[in-house]
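There are 2 protein chains.
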Amino acid sequence: MSNKKLEDLDCPWCGRGASLDITGCRFVLCPMSGRYIDIILDAVKQVDTRKIWHTTDKLSTIYRGKRIHVTDAVKACFVNAYQQDVHMVMEATFSKGCPGDTDADSFLSEDNVLMNQARIADKHFPVLCKFAFYPMGMDDYIRHIAHIANLAIERGVYLESSHYATVLQGDVHDIFDYFDEVMKYAEQNISHYILEATLSVNSPTK
Amino acid sequence: MSNKKLEDLDCPWCGRGASLDITGCRFVLCPMSGRYIDIILDAVKQVDTRKIWHTTDKLSTIYRGKRIHVTDAVKACFVNAYQQDVHMVMEATFSKGCPGDTDADSFLSEDNVLMNQARIADKHFPVLCKFAFYPMGMDDYIRHIAHIANLAIERGVYLESSHYATVLQGDVHDIFDYFDEVMKYAEQNISHYILEATLSVNSPTK
Chain A
974 MSNKKLEDLD CPWCGRGASL DITGCRFVLC PMSGRYIDII LDAVKQVDTR KIWHTTDKLS
1034 TIYRGKRIHV TDAVKACFVN AYQQDVHMVM EATFSKGCPG DTDADSFLSE DNVLMNQARI
1094 ADKHFPVLCK FAFYPMGMDD YIRHIAHIAN LAIERGVYLE SSHYATVLQG DVHDIFDYFD
1154 EVMKYAEQNI SHYILEATLS VNSPTK
Chain B
974 MSNKKLEDLD CPWCGRGASL DITGCRFVLC PMSGRYIDII LDAVKQVDTR KIWHTTDKLS
1034 TIYRGKRIHV TDAVKACFVN AYQQDVHMVM EATFSKGCPG DTDADSFLSE DNVLMNQARI
1094 ADKHFPVLCK FAFYPMGMDD YIRHIAHIAN LAIERGVYLE SSHYATVLQG DVHDIFDYFD
1154 EVMKYAEQNI SHYILEATLS VNSPTK
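Chains A and B supply the protein sequences, listed in that same order.
Everything in the first sequence is counted per the numbering used here, starting at 974 for the first residue and increasing by one.
Everything in the second sequence is counted per the numbering used here, starting at 974 for the first residue and increasing by one.
These are computed hints drawn from the structure, not numbers from a lab.
Each hint should be verified, as a subset may be incorrect.
In this list, chains with the same sequence are indistinguishable; a pair is considered to hold if it fits within one copy or across any two.
To be verified - Result set (DSS-like, lysine-lysine): computed pairs, CA atoms no more than 27 Å apart in a straight line:
#, residue 1, residue 2
1, Lys-1018, Lys-1179
2, Lys-1179, Lys-1096
3, Lys-1018, Lys-1031
4, Lys-1157, Lys-1179
5, Lys-1179, Lys-1031
6, Lys-1096, Lys-1157
7, Lys-1031, Lys-1157
8, Lys-1096, Lys-1018
Quantities reported herein were computed from a predicted structural model and do not represent experimental measurements.
Just chain A, with the same shape it has in the complex (with noise of 0.2 Å):
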C-alpha cells in the first residue's frame, strides 16, 4: 500500500496514451462449484492467445492486442469454462482508448485469423447477460448508447432495458459477435470507451 500521491505514481491516469491500435479486456471467471480452481486454470491454459498479450493475476485476466484477437481470445475462454451443471458468471470489462493507457503490455498481430473460433464454433448454451456501454469524454453519449442498444435489437439479442443495465439474452457466439460489433462502432466513433458486461449460464432461478 502507497501513500504517494497519485502524480508520483506509475499510473494510468497520467495522460500519456497509447499510440497502437490496443483493444483490451479484462475478466473474470465464476464458476460456483466446489471445482472453481480447476474450471478456471483449465479453461484458461486451453485458450491460444498467440496473437494477443496476456496475463492473470489474483484479481483477474487480462487480453490485450487486436480487437477480432481479445474477443476471440474472451470468448474461447468463457466457452471452455462452461460445463452443463455448472452456474457461472463472467464479468469483463471491454475497452479501448484511456488517455492514460500506454503501448507496453501488447501484441498487435499483423492478420486477421482467428486461433480460437474453429475450435468452440461447435458449442452452443444460452447466456444472460447484464450489459452496459461507457463512451467517455462526449456532451451526446446518450445518442451511441441508444445507436448500440438499436444495434442489440436488430441482432435478436437484446431482452429488456432495466435499471443500470440493458440485459441482453442470446446464443454465447450470437453475444460476443454483438460485443464485437459493438466495439467495432466505438472504434470508429468513439475515442476511449468502456464495454461493462456481466455474463450467466445455468442460473436456477426461473
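With the hints as your guide, set chain B onto chain A.
Below, chain B without anything else, positioned relative to chain A:
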C-alpha cells in the same frame, strides 16, 4: 425478445431522468461453492431493506434509494454472504443521474439511521477489489478519476493502478466507506456517474 426499435420501448435512454435523489446499485454475488444457492439466498434475506426499494431477478439484485442506505444494504449483503472457507466475487454497479432514469422503483427514507450497520460492524475480512469510476458527459473526466484515485490513496485502500482498473485492498468496511465517499464526491460534482467494482475474498491465488 423484441424487434422494435428502442424509441418505441419503455427504455432508459428516452431522456426523462429522475427528479428524485436516487442512487442505485445492481449487483451479483458469486460464491464459488456447491452451496452457492443457500449462501446467496440467506445473504439477501438477512438484509434489512426497509429503507430502500429492492428487487432480485435472474441476473442480479437491485437496490435503489438514498445513497447511504444503498451502500449500507449492499455492504450488508456482501458481509452476510461471506464464508471463511469460500472464495467469493461480487460484481457491483453503483450509479446515479442517468438521463434515462425514472422516479419509479425507488424509496427515499427521510432519516439517516442505517438499518444494517450495527449488525455487521464487528465482522471484518480483507477484500481485493477491481475498481473503476466513470463520470459521464464531461470533457475533463480524467480530472475527477484522478481525484477519486487520490482519495483511495488517502484512505489507505489503494494497492495499484492496472489495465482498465484501480486495484483496491482493505478491510470490507474501509472498501465500502470509500465507495460511499466517492459517491458523495460524485453527487456534488458529476451529474451522471457509474462506479463499477468487482470485489474478491478468499482467492486461492497467492
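Each hint tested on the structure:
no. : hint                 : verdict
1   : Lys-1018 to Lys-1179 : between (33 Å within a copy, 18 Å between copies)
2   : Lys-1179 to Lys-1096 : within (23 Å within a copy, 33 Å between copies)
3   : Lys-1018 to Lys-1031 : within (16 Å within a copy, 30 Å between copies)
4   : Lys-1157 to Lys-1179 : neither (34 Å within a copy, 37 Å between copies)
5   : Lys-1179 to Lys-1031 : between (32 Å within a copy, 7 Å between copies)
6   : Lys-1096 to Lys-1157 : within (24 Å within a copy, 46 Å between copies)
7   : Lys-1031 to Lys-1157 : neither (30 Å within a copy, 29 Å between copies)
8   : Lys-1096 to Lys-1018 : within (18 Å within a copy, 37 Å between copies)
In summary, the numbered hints that this structure violates are 4 and 7.
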